[in-house]
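Following the hints, complete the assembly by docking chain B onto the known chain A.
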Amino acid sequence: MSDREIDQQLVERAQRGEKRAFDLLVGKYQRRLARLLSRFIRDGADIEDVTQEAFVKAYRALPSFRGESAFYTWLYRIGINTAKNFLSSAGRRPVVNSEFEDEDGESFDLASQVPDMNTPETELMNKEIVTTVNSAVQALPEELRTAITLREMDGLSYEEIAQVMNCPIGTVRSRIFRAREAIAAELRPLLDTAKNKRW
Amino acid sequence: MKEKLSALMDGELDGQLADRTIKAITEEEELKQVWDAYHLIGDAMRDNTHVSVNVRQRVAERLVAEPTVLAPRRWFAPIRSRRAGAVALAASVSFAAVVGWQQLSHGNADSAVADRGVPVAAAQSAQEHDDLYLAAHQEMTADQSVVKVAYGNGVRH
Chain A
1 MSDREIDQQL VERAQRGEKR AFDLLVGKYQ RRLARLLSRF IRDGADIEDV
51 TQEAFVKAYR ALPSFRGESA FYTWLYRIGI NTAKNFLSSA GRRPVVNSEF
101 EDEDGESFDL ASQVPDMNTP ETELMNKEIV TTVNSAVQAL PEELRTAITL
151 REMDGLSYEE IAQVMNCPIG TVRSRIFRAR EAIAAELRPL LDTAKNKRW
Chain B
1 MKEKLSALMD GELDGQLADR TIKAITEEEE LKQVWDAYHL IGDAMRDNTH
51 VSVNVRQRVA ERLVAEPTVL APRRWFAPIR SRRAGAVALA ASVSFAAVVG
101 WQQLSHGNAD SAVADRGVPV AAAQSAQEHD DLYLAAHQEM TADQSVVKVA
151 YGNGVRH
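Protein sequences, first through last, are from chains A and B.
Here the first sequence is numbered in the numbering used here, starting from 1 and rising by one per residue.
Here the second sequence is numbered in the numbering used here, starting from 1 and rising by one per residue.
Since the hints were derived computationally from the structure, they do not count as laboratory data.
Don't take each hint at face value.
35 Å max Cα-Cα, derived DSBU-like pairs, lysine-lysine [said to hold, decoys possible]: (1) A:57 <-> A:127; (2) B:2 <-> A:19; (3) A:84 <-> A:127; (4) B:23 <-> A:19; (5) A:19 <-> A:84; (6) A:57 <-> A:84; (7) A:127 <-> B:2; (8) B:4 <-> A:57; (9) A:19 <-> A:57; (10) B:4 <-> A:84; (11) A:127 <-> B:32; (12) A:57 <-> B:2; (13) A:127 <-> B:4; (14) B:23 <-> A:127; (15) A:19 <-> B:32; (16) A:84 <-> B:32; (17) B:4 <-> A:19; (18) B:23 <-> A:57; (19) A:127 <-> A:19.
Okay, the calculated bits of chain A under chain B, using three or more residues with CB under 8 Å as the criterion [stated by the list, open to error]: (20) 22-35; (21) 50-63; (22) 71-83; (23) 175-184.
Where a beta carbon is used, it is the ideal one built from N, C-alpha and C, also for glycine.
For reference, chain A alone in the conformation it holds in the complex (with noise of 0.2 Å):
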């Protein structure tokens, strides 16, 4: 099942009325949804508002998500609509456009690059969450990591996986499963204490 029917099964099952699918949609996108709003939004809170606020959106215009794009390209697009207006009430406007063109091909007018302005907080939680990981992709076994950087960073099917690692893809599944739970149980204490602060 590709990524673009998991989303098309998650929307389905929010339109019948289960927001905990929904749920899932914004564990998966916020991140994302929120690089592409860093483009024309300076600062941090700011963007962690107007990604909020997309999601809203789009929950509420679920009922007219027809299915004919990808869903995070209609999100994206709800998100880019949601900058706008931010930026507009807020008497302020992109700097300059330029244009994004997602996986699908479909481009958005963006503003050009502009550095963030985190609040120190959320550079630092940044800063944790990424040395973590990385610290924790360094530490495992070379062929979980392997496996892991190759799916990961590379996009890799486990076909493709198993042809480099000249391994079954049973044990590529395993592998990478195996890195994710290695990974994860070190980021756990930090997103135990992150949740206790503000998430």
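Showing chain B alone in chain A's frame:
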């Protein structure tokens, strides 16, 4: 189940197994947290910005106040069944074309009358006329095996 979730995220799980895994993730809080953690790991490995963004809780709180979305069911079909729908449509059109061709090639008087929407009484009258005509010229009829069906009263002649 966590290993299946991991494979699902990578697009390596299909069919009912994928459906069951998605259902389990939406229903079990622990799996939902695993889903979040695995996606966070991927995002952090690919890009080191905005990885601390977490609006899930705030969005969930806002959605509590929102009326539950209930969209009309299945107005868009999965990609696979769309293809099946197209095949079914093509088959229907082909069937209609064959039936139409057969009707035309046989030159059936009954169907011609029915197609024109002639009142039943008139149609029956015309049919009786045809029957008399055919009976009178039966010896000269090329195809004796043709069975005629009346549309008016369902009696086979």
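Could you work out which of the previously given hints the structure breaks and list their numbers from low to high? 10, 22
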